[in-house]
Every structure is written in structure tokens, then in C-alpha cells.
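Asks: Residue numbers for the sequence shown follow the numbering used here, so the first one is 1 and each next one is one higher.
The hints are simulated quantities; they were obtained by calculation from the structure and are not laboratory data. There's no promise every hint is true.
Said to hold, decoys possible - Simulated crosslink set (DSSO-like; lysine-lysine; CA at most 30 Å straight-line):
#: 1; residue 1: Lys232; residue 2: Lys182
#: 2; residue 1: Lys48; residue 2: Lys60
#: 3; residue 1: Lys60; residue 2: Lys131
Stated by the list, open to error - Restraint-style ranges between C-beta atoms, simulated for each label pair:
#: 4; residue 1: Leu160; residue 2: Arg253; range: 46 to 52 Å
#: 5; residue 1: Pro207; residue 2: Lys365; range: 33 to 39 Å
#: 6; residue 1: Leu373; residue 2: Glu89; range: 35 to 41 Å
#: 7; residue 1: Arg359; residue 2: Lys97; range: 45 to 51 Å
#: 8; residue 1: Ala177; residue 2: Lys97; range: 46 to 52 Å
#: 9; residue 1: Val63; residue 2: Lys232; range: 36 to 42 Å
#: 10; residue 1: Gln45; residue 2: Arg253; range: 52 to 58 Å
#: 11; residue 1: Pro197; residue 2: Arg166; range: 56 to 62 Å
#: 12; residue 1: Ala132; residue 2: Val178; range: 53 to 59 Å
#: 13; residue 1: Ser311; residue 2: Val63; range: 43 to 49 Å
#: 14; residue 1: Pro84; residue 2: Asn172; range: 34 to 40 Å
#: 15; residue 1: Asp281; residue 2: Met3; range: 51 to 57 Å
#: 16; residue 1: Leu160; residue 2: Ile187; range: 38 to 44 Å
In this text, a Cβ means the ideal position worked out from N, Cα and C, and glycines have one as well.
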Amino acid sequence: MRMVPLGELCEINVGRTPSRNNAEFWGDGEPWLSIADMNQGLMVQRTKEQITRIAANQGKQVVPGTVLLSFKLSIGKVAIAGVPLYTNEAIAALPIKDDRKLLPGYLLRALEAMDLSTGANRAAMGATLNKATLQQFRIPLPGLPEQRRIAAILDHADTLRAKRRRSLAHINGLALAVFSDKFGDPIANPHRYPVHPLNEWVDAKRPVTYGILKPGPDIDGGVPYVRVADMKGGRIDLRGVRRTTPQIATEYRRSTLATGDLLMSIRGHVGRFAFIPAELDGGNITQDSARLAIKDPASAVYLRGAMESPSLQRWLDRHTKGAAVRGINLGDLRTAPIPCPPISEQQQYASILHSVAHRLEIAEKQHAVIDNLFASLQSRAFRGEL
Numbered sequence: 001m002r003m004v005p006l007g008e009l010c011e012i013n014v015g016r017t018p019s020r021n022n023a024e025f026w027g028d029g030e031p032w033l034s035i036a037d038m039n040q041g042l043m044v045q046r047t048k049e050q051i052t053r054i055a056a057n058q059g060k061q062v063v064p065g066t067v068l069l070s071f072k073l074s075i076g077k078v079a080i081a082g083v084p085l086y087t088n089e090a091i092a093a094l095p096i097k098d099d100r101k102l103l104p105g106y107l108l109r110a111l112e113a114m115d116l117s118t119g120a121n122r123a124a125m126g127a128t129l130n131k132a133t134l135q136q137f138r139i140p141l142p143g144l145p146e147q148r149r150i151a152a153i154l155d156h157a158d159t160l161r162a163k164r165r166r167s168l169a170h171i172n173g174l175a176l177a178v179f180s181d182k183f184g185d186p187i188a189n190p191h192r193y194p195v196h197p198l199n200e201w202v203d204a205k206r207p208v209t210y211g212i213l214k215p216g217p218d219i220d221g222g223v224p225y226v227r228v229a230d231m232k233g234g235r236i237d238l239r240g241v242r243r244t245t246p247q248i249a250t251e252y253r254r255s256t257l258a259t260g261d262l263l264m265s266i267r268g269h270v271g272r273f274a275f276i277p278a279e280l281d282g283g284n285i286t287q288d289s290a291r292l293a294i295k296d297p298a299s300a301v302y303l304r305g306a307m308e309s310p311s312l313q314r315w316l317d318r319h320t321k322g323a324a325v326r327g328i329n330l331g332d333l334r335t336a337p338i339p340c341p342p343i344s345e346q347q348q349y350a351s352i353l354h355s356v357a358h359r360l361e362i363a364e365k366q367h368a369v370i371d372n373l374f375a376s377l378q379s380r381a382f383r384g385e386l
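All chains, full assembly: derive it from the sequences and hints.
Replies: Here it is as C-alpha cells:
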């Protein structure tokens, strides 16, 4: 398959950011695209900000149907303009010079499959490409019928991926919906359950505590410890867990973990939760998280649901302090007001959540299969093997 420089096939028009100090440039008017707007699917229909006609006159409008590519900081995001718009300087519009040679849908898929970061320079604020580098990137260029076929195959596979993502999002939202339906807002407490501070839900022998201040370098065969960075998607990502020395872990034995403990982030991103899996039994945590050793397993599931509710997340936010690094004091955290339903209702809720978690596990495996299929199709498509 013939490889052709992008600059031979497309214009490369880089946007700009009007001065923030000039009020005449910002307000109702023309859509102005930033990288933050490139998360709405492959067709961009709306932007968070608009620029006035005065500012727009100093730039170049992107015509609907034009492929858009981010080439600074978040390199390689692609989309197609669904409306007339303008972009900032981190996004290039790629109008096709000759539509008898190249289709927008194919161009988007070809760029999506490329590792553009290989040509990036490291700037003070992160990786960047420039216009000259973009012009030299080569894309495979079959005839138009083959372009249509490849784009159609990848579009269909991507549609399946999008459906699976929506299914995952729906299942992820079930836990919050079930809690709200069964118990209501924990701060409003419509069922008038008795309210106990968080500290009373915790095993008195293993009180609420934070962990290691300076865990040191990662040690092969050492004691695993969990960072907030390891708390992803409501669980612990074991792939990134680091290990400290047994001596340091012993100094902080007060924060030793047991299977089923509930972990909460208390610095930086306050209010993330995850249960400790069996693989981390006997491990430890850092000063950025708190161990909640809840007395009863069903109560732990219930308490997590309560703490993840919007009203208690707002409670946590109100008690979070600091400027550069925000955090919540353990003294405040221990007073978090948690309604206490009968244990039978907590157990029923935990049983429902167990079923939801099982459904989520199946859906995630299916999503991974579809993602792998899409990656395989991409690779084969641009090697001429489809």
C-alpha cells in the first residue's frame, strides 16, 4: 500500500486562542474548540466556549466534515467537525486537498491508528508536534473503494465498542441507583435510621488511620503498599502496586491491611473508595489514604454506598481543606454521619451489589474482547490485510 505524506493530501491549519484579556473576543458567537471538547465521540457538535465574530475574523473557520487532530499535550485525538467552528493552537484542521484521492472517514481512521507521539518533542508543558512534523507523517493510501471499505469496517467495530461502553456506564451507575432507591439520601435520612459517626462503624482494635509517610524505593519481594494512583475504577489496580521494606512496613503496622478493608483517598482526590483484595492482605497504604476496617462485611458494602452518594461526597468536600494539596483530616472524617439501617437491609443491599459486580466483571471482559478485536482490525487494515 502506497505511503503518502500528510502534507501532500491535506492542508494543515492550526488554530489560535484569542487574548483572554480582551472581553470583546469572548462570548456568544462562534464555537471554539479545545482538546477538552474532543471527548464527545468522533463528530464534534458543540464546544464549551464561544468566541465573538470580532475574534473569529482573526482566525480561519473549520468547515463541517473536516478532520481535526490534536497535536500538543494530548497528542492523537481525532474527530470530524460537525458544525462550523474555530480551534485553539493545539488542534489542527486537515481539509483534504483533492477529494478524489482521500476520504475524511478514512483519514480519521488512519490517523487514529497511528502512534503520532513517536515524532513528538518534549516541551515544558508536555509532548508537542509541529506543523512541519505533521506534514511529513505518512499514511497508507489505497484507492477510494478500498478506503470506503476499511472505514466502514472500522466504523462498525467502533459502534460495537461504543455500545459496550454505554453498557458498562449503565452497570457502573446501578450501585448508586440501588442505594438511592433503597435507602434514600443519607444526609436527609428519609427513613429516620439512627445515625452513627463513621468511627463507630470501624473495628475499635483497627481504628481509622493513614499509612506510610515515606515508603522509599520499590523493593523486589517487599511489602506491597497501595497509593491513590492505584485506586482506579472503584478497585485496586494490582499492576502498579509498589513494595516497601519489611522494616518500614513494621514501623507503620498500625495501617496494615486485611482482605475486605475499605480504603478511602484523603489527599488530592478525596473520596475515592476501593476494597482490599486478598492479594494485598498484610500490605500497607500511604499517607494519602485512610484504612476503614468496618466491623461487618455487609456493613462495609453499605457504608461505601453511603459515602459514595452525592450528599456525603458534598459533606466530604465541605470538610476538605488546603490549597496546593487538598485533604481531609482524620478527625473530621471520623465524624462523618452515616445512617444505620437494620443489618438485614444492609445484607440485602450487599447481595444486590454482589450481583451487580458480577455483571460488571462479565461486561468488562466482553469490552476487552471488542477492544482487542478493534485493535487487530486497525492493524490489519492499514497493512492491507483486511
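Asks: Compare the structure with the hints numbered earlier in the document and write down the numbers of the violated ones, lowest to highest.
Replies: 11
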